[in-house]
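**Q** Protein chains in written order, with numbering that gives the first Met the number 0: chain A, 0 to 616; chain B, 0 to 228.
Treat the hints as calculated values from the structure; they're not laboratory data.
Beta carbons: idealized from backbone N, C-alpha and C, even for Gly.
Check each hint, because a few of them may be wrong.
[What the hints assert, rightly or not] Which bits of chain A does chain B cover? Going by a derived footprint, with three or more residues having C-beta under 8 Å, they are:
(1) 294-301
(2) 423-436
(3) 469-475
(4) 489-500
(5) 532-542
(6) 550-558
[Unchecked claim] Here are some of the chain B residues that sit facing chain A, going by a computed Cβ distance under 8 Å:
(7) L48
(8) V49
(9) R94
(10) A97
(11) D151
[To be verified] What follows is a set of in silico ranges between Cβ atoms, one per label pair, in the way DEER data are often shown:
(12) B/G10 x A/Q437: 47 to 57 Å
(13) A/S160 x B/R225: 47 to 57 Å
(14) B/E3 x A/A346: 24 to 34 Å
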Amino acid sequence: MRHLLRTPSGVIGLALVAVTLVIAAVGPAIWGQEAETVNAAAALQGSSAEHPLGTDHLGRDILARVLAGGQFTVALAFLATAIGAGLGTLLGVLPAVLPRRAGRLVTGAVNALVAFPALLLAMFTAVISGLGAKGAVLGIGIAFAPSIARLTQTLSASVASADYVAAARLLRVPRWRIATRHVLPNIGEPIILNLTAALGSSLVAMSGMSFLGLGVQPPSYDWGRLLFDGFSRIYVDPMVAIGPAIAIVAAGIGFNLLGEALARSVARAPVGGKQAVGKGAAMPSSGEEPVEGAVLSVKDLTVTFPDGVTPVRGLSLTIMPGEIVGLVGESGSGKSMTANAVGGLVAYPGVVTAGHMSLCGEELSTLSEAKRRKLLGTSMAMVFQDPMASLNPALKVGGQLAEVSLVHQGAKRPAAWARAIDRLRQVHIPDPEKRARQHPHEFSGGMRQRAVIAMGLMGTPRLLIADEPTTALDVTVQRQILKLLREVSAEAGAGALFISHDIAVVSELCDRVVVMYAGRVVEELPVADLVDGASHPYTKALLASLPDMETDRDKPLASIPGHQPSPADVGEGCAFASRCALATDRCVERPPLTRYDAAHAVACWHAETRKAEVAIG
Amino acid sequence: MIIEGMTVRFGTFTAVDDVTLEVPPGSIVGLVGESGSGKSTVAKAVCGLVPYTGRVEGLDPRRIQMVFQDPYASLNPRMTVGASVAEGLSVPKARRAAEIERLLSLVSLPTGLAGRYPRELSGGQRQRVAIARALGAEPSLLVADEITSALDVSVQGAVLNLIRSLRAELNLSMLFISHNLAVVRYVSDVVAVMRKGRLVEVGPAEEVVGSPKHDYTRELLEAVPRLGG
Numbered sequence: 000m001r002h003l004l005r006t007p008s009g010v011i012g013l014a015l016v017a018v019t020l021v022i023a024a025v026g027p028a029i030w031g032q033e034a035e036t037v038n039a040a041a042a043l044q045g046s047s048a049e050h051p052l053g054t055d056h057l058g059r060d061i062l063a064r065v066l067a068g069g070q071f072t073v074a075l076a077f078l079a080t081a082i083g084a085g086l087g088t089l090l091g092v093l094p095a096v097l098p099r100r101a102g103r104l105v106t107g108a109v110n111a112l113v114a115f116p117a118l119l120l121a122m123f124t125a126v127i128s129g130l131g132a133k134g135a136v137l138g139i140g141i142a143f144a145p146s147i148a149r150l151t152q153t154l155s156a157s158v159a160s161a162d163y164v165a166a167a168r169l170l171r172v173p174r175w176r177i178a179t180r181h182v183l184p185n186i187g188e189p190i191i192l193n194l195t196a197a198l199g200s201s202l203v204a205m206s207g208m209s210f211l212g213l214g215v216q217p218p219s220y221d222w223g224r225l226l227f228d229g230f231s232r233i234y235v236d237p238m239v240a241i242g243p244a245i246a247i248v249a250a251g252i253g254f255n256l257l258g259e260a261l262a263r264s265v266a267r268a269p270v271g272g273k274q275a276v277g278k279g280a281a282m283p284s285s286g287e288e289p290v291e292g293a294v295l296s297v298k299d300l301t302v303t304f305p306d307g308v309t310p311v312r313g314l315s316l317t318i319m320p321g322e323i324v325g326l327v328g329e330s331g332s333g334k335s336m337t338a339n340a341v342g343g344l345v346a347y348p349g350v351v352t353a354g355h356m357s358l359c360g361e362e363l364s365t366l367s368e369a370k371r372r373k374l375l376g377t378s379m380a381m382v383f384q385d386p387m388a389s390l391n392p393a394l395k396v397g398g399q400l401a402e403v404s405l406v407h408q409g410a411k412r413p414a415a416w417a418r419a420i421d422r423l424r425q426v427h428i429p430d431p432e433k434r435a436r437q438h439p440h441e442f443s444g445g446m447r448q449r450a451v452i453a454m455g456l457m458g459t460p461r462l463l464i465a466d467e468p469t470t471a472l473d474v475t476v477q478r479q480i481l482k483l484l485r486e487v488s489a490e491a492g493a494g495a496l497f498i499s500h501d502i503a504v505v506s507e508l509c510d511r512v513v514v515m516y517a518g519r520v521v522e523e524l525p526v527a528d529l530v531d532g533a534s535h536p537y538t539k540a541l542l543a544s545l546p547d548m549e550t551d552r553d554k555p556l557a558s559i560p561g562h563q564p565s566p567a568d569v570g571e572g573c574a575f576a577s578r579c580a581l582a583t584d585r586c587v588e589r590p591p592l593t594r595y596d597a598a599h600a601v602a603c604w605h606a607e608t609r610k611a612e613v614a615i616g
Numbered sequence: 000m001i002i003e004g005m006t007v008r009f010g011t012f013t014a015v016d017d018v019t020l021e022v023p024p025g026s027i028v029g030l031v032g033e034s035g036s037g038k039s040t041v042a043k044a045v046c047g048l049v050p051y052t053g054r055v056e057g058l059d060p061r062r063i064q065m066v067f068q069d070p071y072a073s074l075n076p077r078m079t080v081g082a083s084v085a086e087g088l089s090v091p092k093a094r095r096a097a098e099i100e101r102l103l104s105l106v107s108l109p110t111g112l113a114g115r116y117p118r119e120l121s122g123g124q125r126q127r128v129a130i131a132r133a134l135g136a137e138p139s140l141l142v143a144d145e146i147t148s149a150l151d152v153s154v155q156g157a158v159l160n161l162i163r164s165l166r167a168e169l170n171l172s173m174l175f176i177s178h179n180l181a182v183v184r185y186v187s188d189v190v191a192v193m194r195k196g197r198l199v200e201v202g203p204a205e206e207v208v209g210s211p212k213h214d215y216t217r218e219l220l221e222a223v224p225r226l227g228g
C-alpha cells in the first residue's frame with residue numbers, strides 16, 4: 000500500500016476507483032428518487048445551475064441519473080469481468096490438467112480467439128444471446144476470456160516446470176490437485192492484478208455496448224445508455240453527453256492506473272541482492288593510517304541497510320602487492336558484500352562506512368566521483384561467479400575488452416583492439432584473433448570466465464577481486480582458472496582478493512585466509528597453517544565438515560548444529576556462540592580479533608593461546 | 000534396479016548414450032561427472048520425467064522418488080511443510096499428522112516445523128523437508144540429484160550424514176548424483192563416472208578413487224581441490 004501511494008499514477012488511480020466505488024455504493028439510495036422523477040415541464044434542458052448536466056426528454060436530471068446509474072454500470076463491469084476471469088482461468092489451467100493432445104487443442108483454440116478482436120466477439124455474442132444487459136455482459140465476459148486464458152497459460156506453464164510440480168508428479172498427485180494446490184495459488188497474484196485493469200476495460204466496453212444500443216435497454220440505464228441518450232444532442236447541449244462520458248473515462252482510467260500501480264508495487268516487493276551501481280555513501284575518514292605499500296587497506300568497513308540489516312560489521316583487511324588473500328564464509332556471512340563495498344557496487348539504500356579505505360595508497364572517500372571511477376576502472380578488476388553478468392551478449396568479446404582501453408586510457412581503436420587480442424592470448428584463449436570476433440554465447444563457461452579476467456587485465460590492475468569465480472565451473476576447468484589467477488597476479492604483481500565458500504579451493508590458491516562469520520572476521524591465518532593451526536571453533540568445524548578424498552567413510556562427518564544468524568539479527572556477543580561446543584558465559588561479550596603473531600589473528604575467548612596476546616582493534 | 004541401454008536424445012543431441020548401470024538393493028550408487036555429462040538427464044529419465052529408450056527394470060516405476068538440487072525451488076512456497084510432506088502419503092486422514100511427525104523426525108527436523116512455510120526455513124532444513132516428502136511415498140529407489148550443491152559446507156555434512164543414516168535405517172537404494180567426487184566417494188558404495196553421455200568407469204567406491212582405470216577419472220581426481228594445496 001505504501002508503494003502504491005508513492006507514485007502519482009497510483010494515487011490518482013486509487014482516488015478515482017475510490018470515488019467510483021463510493022458513488023456505486025451510495026448512488027441509488029441518495030439520487031435514485033431524483034433520477035426517476037419525471038418532470039415534463041423541464042424536458043430537454045441544457046446545463047443550468049439547477050441541472051448541471053441538463054435534463055433528458057422526460058425532464059429527469061442527468062447528473063442524478065449519472066450518480067445513480069453508477070451502481071448498475073460498475074456491477075455489470077464486475078459481472079462481465081467475473082465471467083471472463085472464471086472462463087479464462089478455466090481455459091488457461093485446462094492444458095496443464097488435460098492429456099497432452101486435448102491440452103494442445105485448448106491452447107490452439109485460445110490462441111485463435113486471442114487474435115480475434117474482443118469487441119467484435121462481444122457484439123457477436125451479445126447479438127446471438129439477445130439484446131440487453133444480460134447479452135452484453137455475457138458477450139464481454141466471453142470476449143475477455145481468451146486474453147485471461149492466455150495469461151493464465153503463460154503463468155502456469157512457468158509454474159508447471161518448477162521442481163515442486165515435478166516432485167508432486169512423482170508422488171502421483173492427481174492432475175487436478177496439482178492445478179488447484181500448486182499452480183493456481185502461485186499464479187493468483189498476477190492474475191488478480193491483471194483483473195483490476197480488466198475491470199476498467201470491461202467497464203468501458205460495457206458502456207460501449209450500451210452506447211451502440213446493444214447493451215442496457217430502457218427503462219434501465221447505465222453510463223453507456225446515458226451517453227447514447229445524450230449523444231444526439233451533443234451539438235446543442237454538449238454537457239448532457241459529456242457528463243456520462245467523463246464518468247466512464249474516469250472510472251476506466253482509474254481501474255487501469257490502479258491495476259498497473261498494483262502490479263508495479265508487487266514487482267518491487269521482493270528486493271533482490273545486488274543490483275545497480277551506485278556510490279555507497281559518505282565514508283568518514285577517521286581511522287588510523289592505511290598500511291604502507293598495501294594495494295588495499297580497509298579499516299572498520301561496515302555496510303548497513305535500512306531495518307538494521309548489517310551484512311558487514313567492522314571488517315579490516317589489508318592486501319599487499321602480489322599477495323592472494325582468500326575470504327571464506329557461508330552464504331550470508333557478508334563476503335560478497337565486502338567485495339561490493341570495495342568496488343563501490345553497494346546498491347542504494349545500502350550505506351558504506353569505513354575508518355579508511357584506500358586503494359593503491361589513495362583514500363577512496365576523499366576522491367572526486369570522476370577520479371574515483373577512473374581509479375577503480377583502471378587499478379581494480381572484478382570477476383564474478385557468472386561471467387555473463389560482466390559480458391554483453393549482443394557485443395563481440397574483443398570489442399568489449401577494447402572498450403576498457405577506449406574509455407579509461409583514451410587509446411585509439413586499433414591499439415585497443417590489439418591490446419584486447421594480446422590479453423585474450425595472455426589468459427590462454429586459443430586463436431585469440433578469431434575468438435575476439437565472436438560473441439559471448441560462442442564461448443564455453445570457462446572461456447567466458449577467462450575473457451572476463453582478460454577484461455580486468457586491460458588496465459593495469461593493482462587489485463583483482465574475484466567473487467566465487469569458479470563456483471559455476473567444472474572441477475577440471477576450475478583448476479585451470481585458479482592456475483590462471485595465480486599466474487596473472489604474479490605477472491602483474493597485483494594483489495588479489497579471492498572470495499569463496501569452499502575453503503579447500505581457497506587453500507589451493509591463496510597465501511592467506513580470512514574467515515568471515517555473520518559479517519565479522521573470526522580468524523585470519525596463513526594457508527600453510529590452515530590444517531593444523533586453525534584455532535577458531537568455526538574454522539575448525541568448517542575444515543572438519545568438508546569431506547575430502549581421505550575422509551573415513553565409516554564415521555559421520557562433523558557438522559555444525561543450528562545456522563548462521565541473518566544479517567538483520569546478529570546479537571551483541573559472539574555470533575557463533577549458539578552453535579559452538581566451547582561456548583561459555585563469557586561469550587555473551589564479543590571477543591575482539593586478537594593477533595597472536597604477524598599473520599594469525601583469532602576472535603574467540605577459547606582459542607588456544609600459544610603466543611602472547613597483542614590486541615588489535 | 001538395473002538401467003539397461005538407456006539412451007536419451009534431445010533432437011539430434013544425444014544426452015545419454017547407451018548407459019547400463021545397476022543399483023543393487025540397499026546400496027548407494029554415486030554418479031559423478033561434469034556439467035553436460037548427462038548425469039542429471041539419467042536421473043530425470045529414471046524418474047520418467049524425460050522420455051528415453053532402453054529399459055529400467057527390477058522395480059515398480061511408481062516407487063521411485065527424487066530429491067532435487069535447489070531446495071528453494073523444490074517446495075511450493077504457498078504450502079506448509081506439513082502439507083508438502085503429506086503429498087505423497089497414502090495413509091488415512093486420521094493418521095496423517097502422526098505420519099508427518101514421524102517423517103520429520105526421521106530427517107532430524109523438529110516436528111513443530113510442520114506448520115511453517117518454506118520461506119521460514121534455512122536451505123538445509125528445506126532439503127530435509129524435500130527428503131521427508133520423498134520418503135513419505137515409501138520409495139524403493141531414491142534419486143538424489145546434486146542435493147548438497149546449493150547448501151553451505153557446514154550444512155552439507157549434516158545432509159550427507161542423514162543420507163547415510165537413512166540407508167542404514169531403511170535399507171534404501173539410492174542413485175546419488177553429484178559433480179563433487181569427494182562427496183560421492185563419501186556416501187556411495189559404487190561410483191560410476193560419466194562423460195559426454197557415456198559411463199567411462201564403474202566400480203566400488205574405494206577402487207575407483209584409489210586406483211582409477213580410466214584417464215578421465217584420473218583427471219577428475221587430480222582436479223579435486225585439496226586442503227593445504
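**Q** Take the hints in turn and mark each one as holding or not.
**A** Do the hints match the structure? See the list:
1. Counting residues of the segment 294-301 of chain A whose C-beta lies closer than 8 Å to any C-beta of chain B gives 0; at least three are required, and the coverage claim is violated.
2. Counting residues of the segment 423-436 of chain A whose CB lies closer than 8 Å to any CB of chain B gives 0, so the stated coverage by that chain is violated, three being the minimum.
3. With 3 residues carrying a beta carbon less than 8 Å from a beta carbon of chain B, the segment 469-475 of chain A meets the three-residue requirement, and the given coverage holds.
4. Given a C-beta distance limit of less than 8 Å, the hint that chain B covers the segment 489-500 of chain A is violated, as 1 residues qualify and 3 are needed.
5. Coverage of a stretch by a chain is defined here by at least three residues with a beta carbon nearer than 8 Å to that chain's beta carbons; for the segment 532-542 of chain A and chain B the count is 3, and the condition holds.
6. Using a Cβ-Cβ cut-off of 8 Å, 6 residues of the segment 550-558 of chain A lie near chain B, which meets the minimum of three, so the contact claim holds.
7. For the restraint placing B/L48 at the interface with chain A, the shortest Cβ-Cβ distance is roughly 6 Å, inside the 8 Å limit, so the hint holds.
8. Interface hint status for B/V49: violated, as the beta-carbon distance to the closest one in chain A is roughly 11 Å, over 8 Å.
9. With a least beta-carbon distance of about 18 Å to chain A, the hint placing B/R94 at the interface is violated under the 8 Å criterion.
10. Taken as an interface hint, B/A97 does not check out: its beta carbon lies about 19 Å from the nearest beta carbon of chain A, beyond 8 Å.
11. A cut of 8 Å between beta carbons decides the hint on B/D151: the least distance to chain A is about 4 Å, and the hint holds.
12. Between B/G10 and A/Q437 the CB atoms are about 23 Å apart, so this pair departs from the stated range of 47 to 57 Å.
13. With their beta carbons about 38 Å apart, A/S160 and B/R225 fall outside the hinted range of 47 to 57 Å.
14. At roughly 53 Å, the beta-carbon separation of B/E3 and A/A346 lies outside the given 24 to 34 Å, and the hint is violated.
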